[in-house]
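**Student:** The lines below spell out each chain.
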Amino acid sequence: MSEAEVTPTPTLHLSSGPHIASGRTTAQIMWMVNLALLPALLWAWAVFGWVVLAITLSSILGCVVAEYAVCRIAKNVSTLPDGSAVCSGLLLAYTLPPGIPIWMPFIGGMLALIFTKGIFGGLGYNIFNVALVGRAMMMATFPVEMTTRWLTPAFGNVDAVSAATVLAQIKLGGQEALAKILAAVPDGGQLWFDFFLGMRAGSIGEVSVVMILLGAAFLLWKGIIKLYIPLSILVGVALMAPFSPAPEIYMLGGGIWLGAFFMATDYVTSPTMPRGQIIFGLGIGLLTGIIRNWGGYPEGICYAIMLMNILTPALNDWFRPKRLTADGAPS
Amino acid sequence: MSLLSWSKSALPTFSRGGIHPDEHKELTENLPIEDFIPTSVSLPVSQSLGPSAEPLVVKAAKVKRGDVIATVPGGGVSLHAPVSGIIKNVQTGPHASLVYDTVITIQAKPGEDDPQFPEQAGWQALPVAQMLERIRDAGVVGLGGAAFPTYRKLTLPKDAKVDTLVINGSECEPYLTCDYRLMLEESEKVVLGSWLISKIIGVKNCVIGVEDNKQPAAEKMRQTIAELGLDKMDPPVKMTVVVTQTRYPQGSEKQLVQSLTGRLVPKGGLPMHVGIVVQNVATAIACLEAIRNGKPVLERVLTVSGLGIKTPKNLRVPIGTSVEDLLAYCGGYSGEVVKILLGGPMMGRTIADLGVSVTKGSSGLLFLTAAETSITRYQPCISCGECIDACPMGLEPNRVSQYMEAGRPLETEQFGIRECFECGCCSWSCPSHRPLVQFMQVAKAAYRRHERKAK
Ligand code: SF4
Ligand code: SF4
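First to last, the protein sequences are chains A and B. Quick note: the first sequence uses this note's numbering, first residue 1, plus one each step. Quick note: the second sequence uses this note's numbering, first residue 332, plus one each step.
Since the hints were derived computationally from the structure, they do not count as laboratory data. On a predicted model such as this, the values are computed, not experimentally measured, just so you know. The beta-carbon is built from N, C-alpha and C at its ideal position, and this holds for glycine as well. Please note: incorrect hints may appear among the correct ones.
Stated by the list, open to error - In the BS3-like style, the derived pairs of lysine-lysine whose C-alpha atoms are separated by at most 27 angstroms in a straight line are:
#1 563/B to 492/B
#2 535/B to 551/B
#3 530/B to 492/B
#4 489/B to 598/B
#5 775/B to 322/A
#6 322/A to 598/B
Stated by the list, open to error - To list a few chain B residues with every Cβ distance to chain A over 10 angstroms, as calculated:
#7 341
#8 343
#9 483
#10 492
#11 554
#12 603
#13 727
#14 740
#15 781
With the hints as constraints, model all of the structure from the sequences given.
**Tutor:** Structure follows, in structure tokens:
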């Protein structure tokens, strides 16, 4: 008797094709983004100390608890393992000043998750970037803590800066403030280099451009993000740089790099087609410049991204893929 | 499509989308085609697209190999007894895609005097009309999987201006190696068949497309073309082999036409509208045998593969061979099989019943284990755009799926559902495992229902 006859018929699954898949999953993507965010956190820990880890943990916890609660209440399958709540928590923490009281990010994370993602229907349905809504809500709720609790970096030349970020000082004091900052740096011309490396005051995840680029390079290599959005943001910001008193600090300071590579590239809230992505990015860049130069805030990328998030559905309608037909028009 | 994925290969391919799944061809590509004849065969009367055939035989009747056992009333593709024997049953039975159909079961009793279909004299010089008749009477359909009646495809409208025959040797579905083996082992038949089809449709130019991962087949085909001297035959045909990039769905008609000739088939049109007729390599062989030997389609070559079968094989089997018999012949299950498919893993169909049998369009029989197939709960769309990048037609499956979930099926036409040929590149790419092809199918069905009601 052959073996085939004794093997029982297996339980057969029926479905339409395809019956194979690329192997990439949403959870994988989210966890790779989380991994790519770690260099910036390590750097923050090195320059600001253990407190940044506590803040980050608090923010992640806020998001995770809220996500769990939302899934329970909506009786949905728990989406915790997909890593998106952790990602929101990480990103929110990265936009916060390192001296902020530790309980605040927890509240901010919870509110952000519930109001941006939870009530809209969970993963994939939010209109705004979760972390940025969190930051905006915290700016409104804790305005003093969000704008004054800066820490002096453990090394670097810009140690005069403890009360506010360089961008805020320039915003308030103009050329005079800039001259004072430059004077405090021994070899004045090297300020941009400190900014590039990350030896400056600022929000937890934004200070080191190098570390952000390291994570971004990993995501590019893995094919998780494409350059259309970040590059056009940088171009948009650069177009507005001449209007600033200190163009190089303007380009390297604030959250532009973190925003361009990690916030604006969020799939859910950004357009899907390259041309839409380029308009989206340019819009963010230009709005950031307008807010910084003529608006009320020293920093503008957060609001610029949120404003462009609103346009995403329209950009997806305006810029459609080219059909494989002689004229290529979507019909 | 992405800034980082500039194509490294200079070989021709189609202009947009496409994917490169794990090939798994190594399981069978070096195994020569083996013959297998089961003790009984079960033939569903519906073997091709179009109206179904009706049985011409009754229980207990005796049939000879090659006898017509079912036909479409009013003319159409007939079905022949693949083996001599006795009709055991004519009754309702399982069908791979229709679920149920009328099935004719024959108990095989091979005899000394079974027809062998030797070469007939003067076949090269037959008038075209007679060649077409032979193709029709032999029950030839597209053997690449589409199963469209070949005589209908080759009977061109009077105003058609066709200048090139494309022979599809792409075999872009993973796992499948039957066309590859045919090109290696029966290259002469492929070339002669292609020559005959060129003659029928009146073209002097024939291009055979073979993917890069089947170089030995391309080499063999080139050799054979040179040996047979196609340019000196009457009529002479310039036959070339073009190696394309290995990229799914290279074997889809519109994609292959673009890869090989650069021509774009218009929306809703056929390759014929840009001067091209496409035929698969196995179909070319069937046409040759129909004309040269008067032999109907009685058997086909298929690949039995997957990690779930003990000994994968390339087999030539009578039409009507059951999955059960093939499973036993190939050593039974290995590991935990979760899906059995007829066809390739991208476009093939799952079966629920081992009694389902091989039809003319079955190019593969796959036994897939959990490790190689994907059975997962799907998640919301995260708008990553992977499905759009992968779609060779430039459609928006993500938005179709969102509209379907929102209960708005009749607003999906704008996203291209009518141009979707269900290749599956979108679903394959989706990190949220969304059943995008299925959403497309359901959307199309909703339109069909709607249009019927409107009438
Ligand atoms: S199945 Fe349809 S929508 Fe999906 S990739 Fe193929 S043609 Fe495009
Ligand atoms: S691949 Fe899936 S998740 Fe990504 S856009 Fe398409 S449907 Fe949405």
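**Student:** So, for every hint listed, does it hold in this structure?
**Tutor:** Status of each hint after checking the structure:
{"no.": "1", "hint": "563/B to 492/B", "result": "24 angstroms, holds"}
{"no.": "2", "hint": "535/B to 551/B", "result": "22 angstroms, holds"}
{"no.": "3", "hint": "530/B to 492/B", "result": "14 angstroms, holds"}
{"no.": "4", "hint": "489/B to 598/B", "result": "22 angstroms, holds"}
{"no.": "5", "hint": "775/B to 322/A", "result": "21 angstroms, holds"}
{"no.": "6", "hint": "322/A to 598/B", "result": "13 angstroms, holds"}
{"no.": "7", "hint": "341", "result": "21 angstroms, holds"}
{"no.": "8", "hint": "343", "result": "15 angstroms, holds"}
{"no.": "9", "hint": "483", "result": "25 angstroms, holds"}
{"no.": "10", "hint": "492", "result": "17 angstroms, holds"}
{"no.": "11", "hint": "554", "result": "34 angstroms, holds"}
{"no.": "12", "hint": "603", "result": "15 angstroms, holds"}
{"no.": "13", "hint": "727", "result": "6 angstroms, violated"}
{"no.": "14", "hint": "740", "result": "16 angstroms, holds"}
{"no.": "15", "hint": "781", "result": "18 angstroms, holds"}
Taken one by one, the earlier hints fail for this structure only at number 13.
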